[in-house]
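Taken in sequence, the protein lines are chains C and G. With this note's numbering as the guide, the letters of the first sequence map in order to residues 1 to 262. With this note's numbering as the guide, the letters of the second sequence map in order to residues 1 to 242.
In case anyone wonders, no lab produced these hints; they're calculated from the structure. Don't be surprised by glycine CBs; every beta carbon is placed ideally from N, CA and C. Misleading hints may appear alongside valid ones.
Computed, partial: chain G to chain C, Cβ under 10 Å [what the hints assert, rightly or not]: (1) 51; (2) 116; (3) 153; (4) 178.
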Amino acid sequence: MLDDFLVRVALAGVGTAIAAGLLGCFVVWRRMAYFGDATAHAAVLGVALALAFNMSIFLGVGLVALAMAVLIYGLSPERGSVDTLLGVLAHGALAMGLVAVTLIPGQRVDLDAYLFGDVITVTRMDLMIIWGGTALVVGVLWWRWSALLTATLSPDLAYAAGIEPRRQQLVLTLMLAAVVAVAMKVVGALLITALLIIPAATARKYAQTPERMALLSVVIGVVAALAGLRLALLMDTPVGPSIICVAAFMFAATTVAHIGRS
Amino acid sequence: MSLIEAHQIGVRYGGQRVLHGVDMALEKGEIVTIVGPNGSGKSTLLRVLVGALKPTSGQVTRQAGLRIGYVPQKLHIDPTLPITVDRFLNLPHKVGSAAMATALTHAGVPDVGARQMVDLSGGQFQRVLLARAILGRPDVLMLDEATQGLDQPGSAQFYRQIDAVRQELDCAVLMVSHELHVVMSASDRVICLNGHICCEGTPEVVSAAPAYRELFGTGTGGALALYRHEHDHDHHHHTAAE
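Only chain G is shown next, with the shape it has when bound in the complex (with noise of 0.2 Å):
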């Protein structure tokens, strides 16, 4: 059976409606962006996922025993909370310090261990929420923007990361985006979402679809080029290095 199964979710916020008659499912391994609009539900739709949110109706069915690795949205650290990297990945349990300098080296920081988090740079603080969604081994990754904060160099890297992340574990990854052009040639599928699903499947089929286009082409008309050029340039640039 499929990892994650989600039947008709519906979320209600007071009396808005933020998402409805969504099913989806994720299978073993496979790499899954959700993008959409502002507001369209994507991080509703995940966090239902991860279990932080009840939908108002429809059920989502996990895999007994499922172990799901969770990337949040910017994490802000109150500057009066001190924490170093290494207290950070111990909790809100003891790991050794054996994973947790193989969770470090497997996110790209091997040396923040003793650094307080406040203190890291943007990308080097994903990396570390990414180390610590990687320690427990998870068949799932779900992330949450979590480029947000990272200019484009640094996105693509994490996103290469990733890449290197799931190969190493051979784990699913769930993802919400609004980077469109990094995001769409690294993964298997993608879910356009505006409340509902508007249109899925390769990021070929997506890109193509004119419910896609109708989110996020009008009105944008060179940024579009810019975005198709992109996609195009790092899709290449991507086959080219395997």
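Just chain C, with the same shape it has in the complex (with noise of 0.2 Å):
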């Protein structure tokens, strides 16, 4: 079944759907889009990485992921945003990214792939790292829930409960890394945040607490993935930005029948 390429997209889509679905609530809560953008960029320069040392895709853009989400959490300070550095940051690892990945020698590199995805393509190789890395942050974030959500409401009560709210934070950045990725071969680096941010605002509306916000978040990234994927056979567009372009339609459409409510 998994020889079936459809299969395997769809599996791709809904696997990163889950993961952004639910790291993406925390996104949300924390103020956390610019941080995901600057990790999110950085992957290209992972790309290039791993192409220059002839490495797993994946693995490049772990790593640099990874480097860029702890630099950052190493600089932002325990209260208040860091907007600005951050976009310096974000930018920056994103023009780096792009340059050099065109000095790599001997090869004329498809861009567009690393920077809206390439689901077509993906493997059953592909497929086992994205469901090992949704697993990885559903996991995570099953076990840690109550403590990262306390740490989130409030630092102070976080504390007066015996919880450091300074390693949830490490623990949702080292979350962010993993879902960039993860989800880097489906929507491309460019949109990740969207991935993170459109579905989890869309729940906000119909959730009453965090737990259900969360599960909605899911099922609304969930659907926007498929039919997405739908949208793109159907109109022979790009996989990752029909994804998106259906998360937002569901996003303007709650938001204006919710208007239209009240």
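Since each chain comes alone in its own frame, lean on the hints to assemble the complex.
Here's what the structure looks like:
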């Protein structure tokens, strides 16, 4: 069954949507969108690294995303945002990645595949890595859910309950790097943040508790992934951007419906 | 022994000396208020005592197994985070629904369990924080400017609630505030802080102390008179009600 490329593509999309949908809630709650951008954009640099040293793209992307995430974690204060610094890092890393990719001797690299995803060529190996990464993200978030949520609500309440908020921030940072590595193949470096934010933001309007928002965010992400894939096949458009288009449409439609009701 | 003992606490942020040479102890069942101007290190001291902040020098000794209930300065919940009062009370540890109902009742907001946190009024919100703090039946209740954003009747009411909670749970209360007139009358002991402890004692002793007058009295002639007037009035009222 996995030999059918459509099934593989669908599975890749669903796996990515699950990981991104869950983590995306924390990205929205903690206003880490720019943080996500910086980590994701650094992935292009990871691609260059992987090609130059002839290693797996996942590994290169994972390593650089991890390095970027830890760098931002180290630079960011306990409270408050580092908007400008993140902007510099995000776009600096993207530009450096774009330059580095073209400097690799011997091959013309198809940049589009890394910027916008290239899920059509997903292999069984890719699938295993994507689902492995998703399982890791789901497992860690499940395991640490209460602590992560408490630290997100208030660092002081976390301290008083014996939870170290900085450690929770580090956990989320590492998960973000994992999601970037997972999502690269499906939506590409430029649209990973969209896959994190849009399903979560759409789910917000219909959720009364954080858990329901996370669950709903996953469902919306999966629906967007499958519908986006269908749309891409019908109209012969790139899969990644098509998925984000569907997600954005769902967000817009639910927002309008919400305004209409209230 | 005391519930919490702080010995020669010093805190520096960067090059800035925020606290130095602070000695204090909190005994079972007493209400202690820390007052001081903005930037005097009140919240910092409280965070050191809670354990949220490691002091640069000195040490804090807490009684073994001491349970602390902490009410932070106004908590901002991002509107993107949906959370009901019930769910909020269950973080980070699950508590029974009976315990939850009791805590909400003690805090004076029995019927808000199913409401969204962001929909609560300022007074309700602070009471929910109080309910959360007393859920674990704390030995010490710590409040950091817990009435910020409440109007005067609102904060007076909130302090009466705390008094009721204290009597119910028999816990010590340590709070930080700048609302001198309301707070001081309810306290057993007042600590006047400005980087170090300027003076301490009963509310009457502290409000008459030169160090306190120097911090809060200069250049506020009219306002001080108002404070004193309201303080006396409030105190009177308080004793009459008892």
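Structure-based check of each hint:
| no. | hint | in the structure |
| --- | --- | --- |
| 1 | 51 | 6 Å, holds |
| 2 | 116 | 7 Å, holds |
| 3 | 153 | 27 Å, violated |
| 4 | 178 | 19 Å, violated |
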